[in-house]
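> Here the protein sequences come in this chain order: A and B.
The first sequence begins at 18 in the numbering used here and counts up by one.
The second sequence begins at 580 in the numbering used here and counts up by one.
Fair warning: there could be bad hints in the mix.
Take a look, some chain B residues computed to stay more than 12 Å from chain A by CB distance [unchecked claim]:
no., residue
1, Ala612
2, Thr645
3, Gly653
Part of the chain A face toward chain B, derived, beta carbon under 10 Å [as the list claims (entries may be wrong)]:
no., residue
4, Gln132
5, Thr136
6, Asp137
7, Met139
8, Gln143
9, Asp144
10, Tyr145
11, Thr146
12, Arg147
13, Arg150
14, Ala152
15, Ile163
16, Glu173
17, Glu175
18, Val176
19, Asp180
Calculated from the structure, these hints are not laboratory results.
This structure is a prediction, so every number in the text was calculated from the model and none was measured.
Note that beta-carbon positions come from the ideal geometry of N, C-alpha and C, so glycine has one too.
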Amino acid sequence: MSIRQGILAMLADGPRHGYQLRVDFEERTGSTWPLNIGQVYTTLSRLERDGLVVALDGGDDDTHKPYALTELGRAELAAWFATPVHREDRPRDELAIKLAMAAEMPGADLHAVVQAQRTDTMRALQDYTRLRRAADAAGDDLSWPIVLDSLIFATEAEVRWLDATEERLARRRATTARTTSDGAAEAAATADDGEAVR
Amino acid sequence: MTAVLELLEVSRVHGSGATAVNALRGVSLQVGAGEFVAVMGPSGSGKSTLLNIAGGLDSPSAGEVTVEGVALAGMTRADLAQVRRRSVGYVFQELNLIPALTAAENVALPRELDGVSTRKARAEALAALKDVDLAGVAGRFPDELSGGQQQRIAIARALVGPRRLLLADEPTGALDSVTGEDVMKLLRSRCDEGAAAVLVTHDARLAGWSDRVIFLRDGLMVDDTGTPPTAGSLLTGGAGR
Ligand SMILES: Nc1ncnc2c1ncn2[C@@H]1O[C@H](COP(=O)(O)OP(=O)(O)O)[C@@H](O)[C@H]1O
Ligand SMILES: [Mg+2]
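With the sequences and hints as input, model every part of the structure.
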């Protein structure tokens with residue numbers, strides 16, 4: 018998530034100082050991406066350097082200086098909203114890499130890896146669902162439920178992918194078992210041990 | 580925590596001899612008042628068997644089942660039927676609506692069988708239909724309603740009256756995803772009022788509404804979101820299966 022564009026978007030509502038930006042950011046996205054105040058000030062000074070925001074007078078000290086969007090900043094924000102986020106631009110999925118590695122690793126129990134992940138992912142899904150229930154009940158603004166829905170759907174997709182991976186694994190096991198029982202009988206015990214048989 | 584449902588080392592063997600299937604193998608589970616448990620697992624892992632046993636529709640080959648503190652084993656047929664009617668609400672894939680009865684009559688039927696007066700049963704049925712947003716079709720017959728509406732009537736029938744244990748086996752099959760969530764809201768609110776619910780589903784988004792997800796595989800409970808994850812032992816080979 019780009020803090021830079023997030024800050025520009027919040028400034029589109031009117032000038033704000035750093036602390037306020039941090040509070041607003043968390044309000045709109047929940048505590049999904051907690052920001053520290055240092056990140057906010059660093060980002061603001063870079064945006065100022067690039068001419069996308071200006072510091073206004075009025076604050077008694079640096080930390081209370083309000084910032085406002087410039088025309089250039091407004092254009093950058095419009096461009097951000099107009100551009101879809103390409104999937105390739107997102108960070109690599111560590112989990113997919115982990116399972117791919119486990120699948121080829123002798124002695125790794127892929128079933129156990131998948132199940133442990135599924136339990137953890139389901140726990141996250143329960144948390145997001147609970148948060149969204151609370152947000153719906155509170156009749157909050159739209160931003161937070163939208164973020165939560167994004168997390169809920171992405172998490173659901175992960176569970177489905179884990180299910181599919183497990184089915185793939187079961188199919189592989191079935192074929193391996195069949196092949197080995199056609200051949201040497203004692204190999205069946207090894208086949209049941211799973212992934213080591215290739 | 581008062582356990583509304585308790586399974587203790589429950590096993591179930593379907594069939595016998597060479598064709599025997601170990602559908603459940605020593606499953607223990609407690610569901611307390613207010614608790615919403617989801618059961619997930621691949622097809623054939625024993626989910627429906629678990630639910631049928633929990634509701635007294637099937638009996639375990641070994642182990643004990645207790646509903647609201649009363650052991651189901653050794654009950655007379657009549658007593659068991661009464662527990663099933665009074666304490667347990669079921670929603671299954673097969674709706675089993677009676678075609679000759681209106682929506683309201685279908686929902687009121689289990690209460691009338693319970694000896695509740697016709698008037699009171701009808702009032703409860705209308706309230707349950709209102710909960711599933713079907714107050715408007717109370718007088719219609721099942722074949723005058725859409726698949727999704729029939730399913731919601733079956734849900735209203737399961738929720739009617741003061742049932743304390745709600746059992747649902749893939750209850751949202753014919754429902755779109757919004758309605759599926761509505762059904763979860765209903766189950767959730769019944770639990771918040773003190774009922775216990777067990778939902779079998781393969782839909783992770785629906786299971787997300789639960790307090791606890793248990794995972795079955797080949798008749799064994801292999802994991803549980805209620806317990807913190809055990810680190811390590813993931814690379815110890817097939818022993819953990
Ligand atoms: N009445 C029955 N007779 C014989 N086998 C059965 C019967 N009911 C279920 N089984 C078998 O028991 C296992 C578990 O079935 P079930 O509980 O329906 O699983 P799930 O609901 O998870 O798909 C399966 O192998 C199934 O074929
Ligand atoms: Mg089933």
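> Each hint: holds or not?
Structure-based check of each hint:
For Ala612(B), the non-interface assignment is confirmed: its Cβ lies about 19 Å from the closest Cβ of chain A, beyond the 12 Å cut-off. No Cβ of chain A comes within 12 Å of the Cβ of Thr645(B); the nearest lies about 26 Å off, and the non-interface call holds. For Gly653(B), the requirement that its beta carbon stay farther than 12 Å from each beta carbon of chain A is met, with the minimum near 36 Å. The restraint placing Gln132(A) at the interface with chain B holds, with a minimum CB-CB distance near 5 Å, inside the 10 Å limit.
Because the smallest distance between the Cβ of Thr136(A) and any Cβ of chain B comes to about 5 Å, under 10 Å, the interface hint for this residue holds. Hint status for Asp137(A): holds, given a least beta-carbon distance of 6 Å to chain B, under 10 Å. Look at Met139(A): its Cβ gets to within about 5 Å of chain B, closer than 10 Å, so that hint holds up. Look at Gln143(A): its Cβ gets to within about 5 Å of chain B, closer than 10 Å, so that hint holds up.
A cut of 10 Å between beta carbons decides the hint on Asp144(A): the least distance to chain B is about 9 Å, and the hint holds. Contact between Tyr145(A) and chain B, as hinted, is supported at the beta carbon level, the nearest pair being about 7 Å apart and thus within 10 Å. Interface restraint check: Thr146(A) against chain B, minimum CB-CB distance 4 Å, threshold 10 Å, status holds. With a cut of 10 Å, the hint placing Arg147(A) at the interface with chain B holds, because the nearest CB-to-CB distance is about 8 Å.
With 10 Å as the threshold, the beta carbon of Arg150(A) comes within range of chain B, its nearest partner Cβ sitting at about 7 Å, so the hint holds. About 14 Å separates the beta-carbon of Ala152(A) from the nearest beta-carbon of chain B, more than 10 Å, and the hint is not met. Violation of the interface hint for Ile163(A) is found here, the shortest Cβ-Cβ separation to chain B being roughly 16 Å, above the 10 Å cut-off. Checking Glu173(A) against chain B by beta carbon gives a least distance of about 5 Å; that is within 10 Å, so the hint holds.
Given the 10 Å rule on beta carbons, the hint for Glu175(A) holds: about 8 Å separates it from the nearest Cβ of chain B. With its C-beta approaching chain B no nearer than about 4 Å, Val176(A) sits inside the 10 Å limit, and its interface hint holds. Taking 10 Å as the C-beta cut-off, the interface hint given for Asp180(A) holds, the closest approach to chain B being about 8 Å.
Hints 14 and 15, counting from the list given before, are not met by this structure.
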